[in-house]
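**Student:** For the record, in the sequence shown the residue sitting at position 134 is 310 according to our numbering, with numbers rising by one throughout.
No lab work stands behind these hints: they were computed from the structure. For every residue, glycine included, the Cβ atom is placed at its ideal position computed from N, Cα and C. One thing to keep in mind: the hints can contain errors.
[What the hints assert, rightly or not] Okay, the calculated beta carbon distance ranges per label pair:
id, residue 1, residue 2, range
1, N252, S354, 37 to 43 Å
2, Y443, G306, 44 to 50 Å
3, T242, T202, 19 to 25 Å
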Amino acid sequence: MVINSLASALLALTLPIILPTAAQTTVRYMPLGDSITEITCWRSLLWTQLQETGYQNVNFVGSMTTENPAGCSIENYNHHSEGHQGYSAVGIVNGNDLVGWLNNNPADVITMHLGTNDIFGGQTTQQILGAFTTLVQQMRNSNPRMKIIVAQILPIFVGSDNTQVQALNSAIPSWAASQNTTQSPIWVVDQYDGVSPSDLRDDVHPNSSGDSKMAAKWYPAVVDAVNTVLGATMTTQSLYGQCGGVGWTGPTVCTSPYTCTVGNEYYSQCL
177 MVINSLASAL
187 LALTLPIILP
197 TAAQTTVRYM
207 PLGDSITEIT
217 CWRSLLWTQL
227 QETGYQNVNF
237 VGSMTTENPA
247 GCSIENYNHH
257 SEGHQGYSAV
267 GIVNGNDLVG
277 WLNNNPADVI
287 TMHLGTNDIF
297 GGQTTQQILG
307 AFTTLVQQMR
317 NSNPRMKIIV
327 AQILPIFVGS
337 DNTQVQALNS
347 AIPSWAASQN
357 TTQSPIWVVD
367 QYDGVSPSDL
377 RDDVHPNSSG
387 DSKMAAKWYP
397 AVVDAVNTVL
407 GATMTTQSLY
417 GQCGGVGWTG
427 PTVCTSPYTC
437 TVGNEYYSQC
447 L
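With the hints as constraints, model all of the structure from the sequences given.
**Tutor:** As structure tokens, this is what we get:
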């Protein structure tokens with residue numbers, strides 16, 4: 177029987193070795209937008225909050241690395257994004273820009289804050305939503321399982337432009353519902369509510385308090401999207417519960433309307 181055992185061993189050596197497919201462990205996240213994404217500091221705050229609540233596996237991607245010209249209080253962060261000053265949703269579609277950006281920097285999760293420059297340029301709500309639809313299609317062409325987070329945009333405290341901001345923001349939830357799919361879900365994040373002129377440095381771009389508000393609003397949706405990519409079941413923490421810190425392995429998302437607030441590197445709490 178030794179011969180049979182030897183033959184079996186030799187046969188095993190000739191068979192292909194089939195390894196199990198490794199689960200995805202790194203999630204590629206692209207912040208997409210205009211100058212409100214490019215030359216601000218909310219990305220640094222969001223990156224830090226993700227790092228401090230157990231999401232060190234989120235890799236910011238994009239061709240741009242600029243930030244607020246005055247600098248951000250947090251400098252040691254992943255600067256990459258596709259935030260482009262002066263760009264509009266309609267302009268990005270007309271230039272076919274997103275296709276190239278995603279070819280060069282594939283993503284699993286995208287946040288999109290666009291529409292401000294469209295409004296400055298006189299585009300209607302329907303024209304902006306039409307561009308959004310094309311952008312979503314391009315995202316899904318790049319990655320059929322793309323997780324897409326769309327902002328109801330910041331207010332514009334210039335002239336009468338905020339009236340159209342409100343009209344666009346009112347139309348976004350129903351538009352998102354019409355585009356939503358199980359494979360590539362769309363989240364809507366309200367970046368408008370609770371933002372006052374004191375949160376904007378020039379009536380358009382967020383200052384430090386505006387950056388903090390934006391990061392706090394993006395965070396739960398980004399975490400939900402990341403968990404969806406990883407196949408994790410998202411659980412939430414209640415008011416005053418721990419939601420992060422070094423070594424924390426429990427829930428990292430707070431029950432609405434609470435936000436995971438960093439106390440120090442060892443403890444974050446739902447407030």
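**Student:** Each hint should be assessed against the structure and marked as holding or not.
**Tutor:** Hints and how they fare:
1. Between N252 and S354 the CB atoms are about 41 Å apart, so this pair conforms to the stated range of 37 to 43 Å.
2. Judged by the Cβ atoms, the range 44 to 50 Å given for Y443 and G306 holds: they are separated by roughly 46 Å.
3. For the hinted restraint 19 to 25 Å between T242 and T202, the CB-CB distance of approximately 24 Å keeps it satisfied.
Going through the hint list in order, the structure satisfies each hint without exception.
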